[in-house]
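Q: With the hints as extra help, turn the sequences into a complete structure.
Protein chains: 2
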Amino acid sequence: MTTYIDKINSYIKALDNDTLKALESISSTKNYKKGDLLLRQNEVCGKSYWVLSGIARKYYLNDGKEITTELYFEDDLAVSFESYTLQQPSREFIEALSDVTVSITHYQAFQNAKATHPKLLILDLMLAEYHGIWLENRLFQFHTMSATERYLDILKRSPHIIQSIPLTIIASYLGISLETLSRIRAKI
Amino acid sequence: MTTYIDKINSYIKALDNDTLKALESISSTKNYKKGDLLLRQNEVCGKSYWVLSGIARKYYLNDGKEITTELYFEDDLAVSFESYTLQQPSREFIEALSDVTVSITHYQAFQNAKATHPKLLILDLMLAEYHGIWLENRLFQFHTMSATERYLDILKRSPHIIQSIPLTIIASYLGISLETLSRIRAKI
DNA sequence: TCCATTATTTGACCTTGGTCAAATGTTCTT
DNA sequence: AAGAACATTTGACCAAGGTCAAATAATGGA
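Just so you know, the sequences run in chain order A and B. Sequential numbering of the first sequence, starting at 99, is according to the numbering used here. Sequential numbering of the second sequence, starting at 99, is according to the numbering used here.
Which copy? The list can't say, so a pair holds if one copy fits it or any two copies do.
Keeping only pairs whose Cα atoms sit at most 25 Å apart, straight-line, the calculated SDA-like set for lysine to any residue is: (1) Lys-132 with Leu-195; (2) Lys-105 with Gln-185; (3) Lys-111 with Asn-210; (4) Lys-128 with Asp-116; (5) Lys-212 with Asp-104; (6) Lys-111 with Leu-184.
Bear in mind the hints are in silico, worked out from the structure with no lab data behind them.
A: Below you can see the structure in the form of structure tokens.
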């Protein structure tokens, strides 16, 4: 199945040399160790992180508990969307769940590049659209599926998530408690 | 408080004459009667509806029940986002909750116009960003607030919603049953 | 105005998932 | 290999909100 992310990837590949160069010239590669924070709560998310390898997540604190809102694998773009878009303090953290390598692009540099390279504007739009669609589907799942169904769904479409990530984090990503997740797993 | 939608509106106002004309030339005004469907499930959402007056909503069916996902008032853009963006069948309906007047723009005409008027691309991006931010906040509310808190929140920030819309619809928009909403209201 | 329809409330009971606490498993260190 | 620290499971109980059914409003037509 071709997904929208495939489309974005093929779009990037189809970018003309000049645009691609511009994008590269404002990006740099960086490594993080497992447990490192790429973004902290209350910081403005001034960079986007394209994951080259490893796993990361985004989460916020809700009376002391960490609620995971997104998981990032290779070729995912990690960013606190509202904070990045409006350049205002983030309520979320971004954390490396393993050693990760990312390609970092600064917000302002990308804004500037968009002005001179209109194709980057299209890329930006595609990424925003992709994220919006992803969010709509996540919301839809929460409203139409039980905790068990959501777990089975993730198990089916993204088994790598279950394998590589501690259950506490998966539970919060599914919007349930660790204990409930454990019981769901025991039943199956 | 200045919101992102204010920013979009001011951006539109700041559009140069030529761009504005292009936008107008591909848009047309239309009236719908209360109860009319602007978009049906399984149809491709080939148009966007800018609400000029009246109230509309977007909803889907979940085993027979209507779940409202978005409410539209004056100056809101009604669109089934995934269906519109990917030009694929919609799982949602768009319905007029009162007599409404909308400004309609066809998907393909807008795509064409974006090619010749780059500022429309920026507008498109802003709208997608706005929608993404809105979705993130909605998701956040569902995860961090109880049914009562969500009701009180809507009561505080959008009292017009409570006034003008039947409780069945508000309940489904809040993600709760009609009976629960009724009990919440009784307590306050 | 009176009826039919639709909207809202209330009651009784049930289900899902949460919380708190304790028991096991696992892993990583040193 | 022995702990310390973390991850997972299990048990007992609780609470929010759902469901089904019935009772009351409220409202738009004829």
